[in-house]
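Line by line, the protein sequences give chains A and B. Every letter in the first sequence is one number past the one before it in numbering that gives the first Met the number 0, and letter 151, counting from 1, is 150. Every letter in the second sequence is one number past the one before it in numbering that gives the first Met the number 0, and letter 42, counting from 1, is 41.
Calculated from the structure, these hints are not laboratory results. Each hint should be verified, as a subset may be incorrect.
Stretches of chain B that chain A covers, calculated by requiring three or more beta carbons in the stretch to come under 8 Å of a beta carbon on chain A [as the list claims (entries may be wrong)]:
id	region
1	0-10
2	71-77
Far from chain B, some chain A residues (derived; all Cβ distances over 10 Å) [to be verified]:
id	residue
3	Asp-24
4	Ala-70
5	Gly-120
6	Pro-138
7	Gly-141
8	Thr-202
9	Val-204
10	Ser-209
11	Val-210
12	Gly-215
13	Thr-256
14	Ile-276
15	Thr-294
16	Met-299
17	Gly-306
For each label pair, taking beta carbons as the anchor points, the in silico distance ranges come out as [unchecked claim]:
id	chain 1	residue 1	chain 2	residue 2	range
18	B	Pro-12	A	Thr-221	31 to 37 Å
19	B	Ala-51	A	Thr-221	49 to 55 Å
20	B	Lys-61	A	Thr-217	48 to 54 Å
21	A	Thr-221	B	Ala-55	28 to 34 Å
22	B	Asp-29	A	Gln-194	36 to 42 Å
23	A	Ile-166	B	Lys-36	54 to 60 Å
24	B	Lys-36	A	Ala-271	53 to 59 Å
This structure is a prediction, so every number in the text was calculated from the model and none was measured. By construction, the Cβ of each residue, glycine as well, lies at the ideal position given by its N, Cα and C atoms.
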Amino acid sequence: MSNPTTPFSWQMPTATDLVTDLPADFEVFGQAVATSMADLLGGTSGQILAKNSNTDMDFVWVTNDVGDITAVTAGTGISGGGTSGAVTITNSMATEITAKGDLIAGTGSATFDNIPVGNNGETLVADSSTSTGLKWAAPATGMSNPMTNTGDTIYSSSGSTPARLGIGSTGQVLTVASGVPSWATPAGGGGKVLQVINATTSTNVTSASSVYANTGLTATITPTLNTSKILVLVNQAGCGKQSSDTALQLQLLRGATVLAKIEGIGGYTGTAAQNFIGSVSSSYLDAPATTSATTYKTQMASFGGTGDSCTQQQSSVSTITLLEIGA
Amino acid sequence: MATGGEILRMLCPSGGWVVYGDDFDSIIWDDQAKCTKAQFTAGFAQYDAWKAEQDAKAQTDKVSAQAKLEALGLTAYDLKALGL
């Protein structure tokens, strides 16, 4: 034995010493042992000795850890367990998976089963007739779009079969024929007034020309239906002649087309005297056969182009009214 | 205040025009312009005097014509009876 001892380095009496004091040597030895073992003293029942630091023989008594696992019991979905040694537990759901794509689904309270993967393109859908309430199935096909052109609409024919309804013509309305929708030209309304347009002017116009010129009285209407009639009501106010042996002439036009001469010799006297005759009124029933914007107006001329005739004299108000009448 | 039509009647008595209100730029000429815008504008200040002159001349002509009729032993009623 080495002196001091290995590994505690306790100092031992040495036999070769010429002078010995054995009691004193044992006192040194005993104190060294007691010092080394000092941490082993104390402690209470149930405590265990634990290292207090990295220093040799530095221990401390500590209470044994509470909650140590003493047993493992498998619950729902888990198998295995034990009360000692290495314990193995197994996920029962995982063991149900046997192939790529398998799914686990419940079959009831705390029970489950494997759903093998479906075929390519299939989707998982609910099905109460299966044990899991689920199944793989081909997806329902969407509605086949029957539309082909701008303005097409879709309606249900023969139950839920989608059908195409092509756009109708301008002015047509959606109606029902034989139980399905269709576009149709609306009934004209049996002479009813479909719309009214009115315009006025009070600008004095004086003409000393035999060439017809606008009186400034004009209105534009866009018929709803090309079968409609347009009733034109004109009241040309402030008419007359102001000099020379002339007369006022008035005509009604649709666009550039003369519809009627509504006054041919207004205010004629056979002399050079002034003659103001007031208003010249006219009504004209036109059939423009269009649904485009259509302008009606009056034009005037001075008979013979010598003296001058006038309309809207003294700012008299002339009016033109257009009534669309359903056919 | 004269109207555009009256001004043109004064300036362009031979006709061939259409005017809207008093706006020279609105005038439609049958063939070519028969007066300028300056003449038209100035015409508003000249019209009353021109009109008075025209009325006076017409009155003078009427009196003269009546005198001539009387010298012939005729009246205006005689002329009407002849359809004149």
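Hint by hint, here is what the structure shows:
With 6 residues carrying a beta carbon less than 8 Å from a beta carbon of chain A, the region 0-10 of chain B meets the three-residue requirement, and the given coverage holds. Residue count for the region 71-77 of chain B with a Cβ under 8 Å from a Cβ of chain A: 0. That is fewer than the three needed, and the coverage hint is violated. Taking the minimum C-beta to C-beta distance to chain B, about 145 Å, the non-interface status of Asp-24 (chain A) holds against the 10 Å cut. Non-interface status of Ala-70 (chain A) relative to chain B is upheld: no Cβ of that chain comes within 10 Å, the nearest being about 113 Å off.
Interface exclusion of Gly-120 (chain A) from chain B stands, the closest Cβ pair being 78 Å apart, more than 10 Å. Residue placement check: Pro-138 (chain A) keeps its beta carbon more than 10 Å from all beta carbons of chain B (closest about 75 Å). Against the 10 Å criterion, Gly-141 (chain A) stays outside the reach of chain B, whose nearest CB is about 66 Å from its own CB. At roughly 5 Å, the least C-beta separation between Thr-202 (chain A) and chain B is not larger than 10 Å, which violates its mark as non-interface.
A Cβ of chain B approaches the Cβ of Val-204 (chain A) within 10 Å, the least distance being about 5 Å, so the stated non-interface status is violated. A beta-carbon of chain B is positioned within 10 Å of the beta-carbon of Ser-209 (chain A); the least distance is around 8 Å. With a least beta-carbon separation of about 6 Å from chain B, Val-210 (chain A) fails to lie farther than 10 Å from that chain, contradicting its non-interface assignment. Against chain B, the non-interface label of Gly-215 (chain A) is violated: not every CB pair exceeds 10 Å, the least being about 6 Å.
Remark: the non-interface label on Thr-256 (chain A) is consistent with the geometry, its nearest Cβ contact in chain B lying 20 Å away (cut-off 10 Å). At roughly 16 Å from the closest C-beta of chain B, the C-beta of Ile-276 (chain A) stays outside 10 Å, upholding its exclusion from the interface. Separation of Thr-294 (chain A) from chain B is adequate, the least Cβ-Cβ distance of about 18 Å exceeding the 10 Å criterion. For Met-299 (chain A), the non-interface assignment is contradicted: its Cβ lies about 8 Å from the closest Cβ of chain B, within the 10 Å cut-off.
A cut-off of 10 Å between C-beta atoms contradicts the statement that Gly-306 (chain A) is not in contact with chain B; the least separation is 7 Å. The supplied range of 31 to 37 Å is broken by Pro-12 (chain B) and Thr-221 (chain A), whose beta-carbon atoms lie about 44 Å from each other. The hint said 49 to 55 Å for the Cβ distance between Ala-51 (chain B) and Thr-221 (chain A), and at roughly 52 Å that hint holds. Roughly 43 Å separates the CB atoms of Lys-61 (chain B) and Thr-217 (chain A), a value that falls outside the hinted 48 to 54 Å.
Look at Thr-221 (chain A) against Ala-55 (chain B): about 56 Å separates their beta carbons, and that is not inside 28 to 34 Å. The beta-carbon spacing between Asp-29 (chain B) and Gln-194 (chain A), approximately 38 Å, falls within the hinted interval of 36 to 42 Å. For Ile-166 (chain A) paired with Lys-36 (chain B), a C-beta distance near 55 Å keeps the hint of 54 to 60 Å intact. In this structure the hint that Lys-36 (chain B) and Ala-271 (chain A) lie 53 to 59 Å apart at CB is violated, the actual value being about 28 Å.
In this structure, the hints that do not hold are numbers 2, 8, 9, 10, 11, 12, 16, 17, 18, 20, 21 and 24, in rising order.
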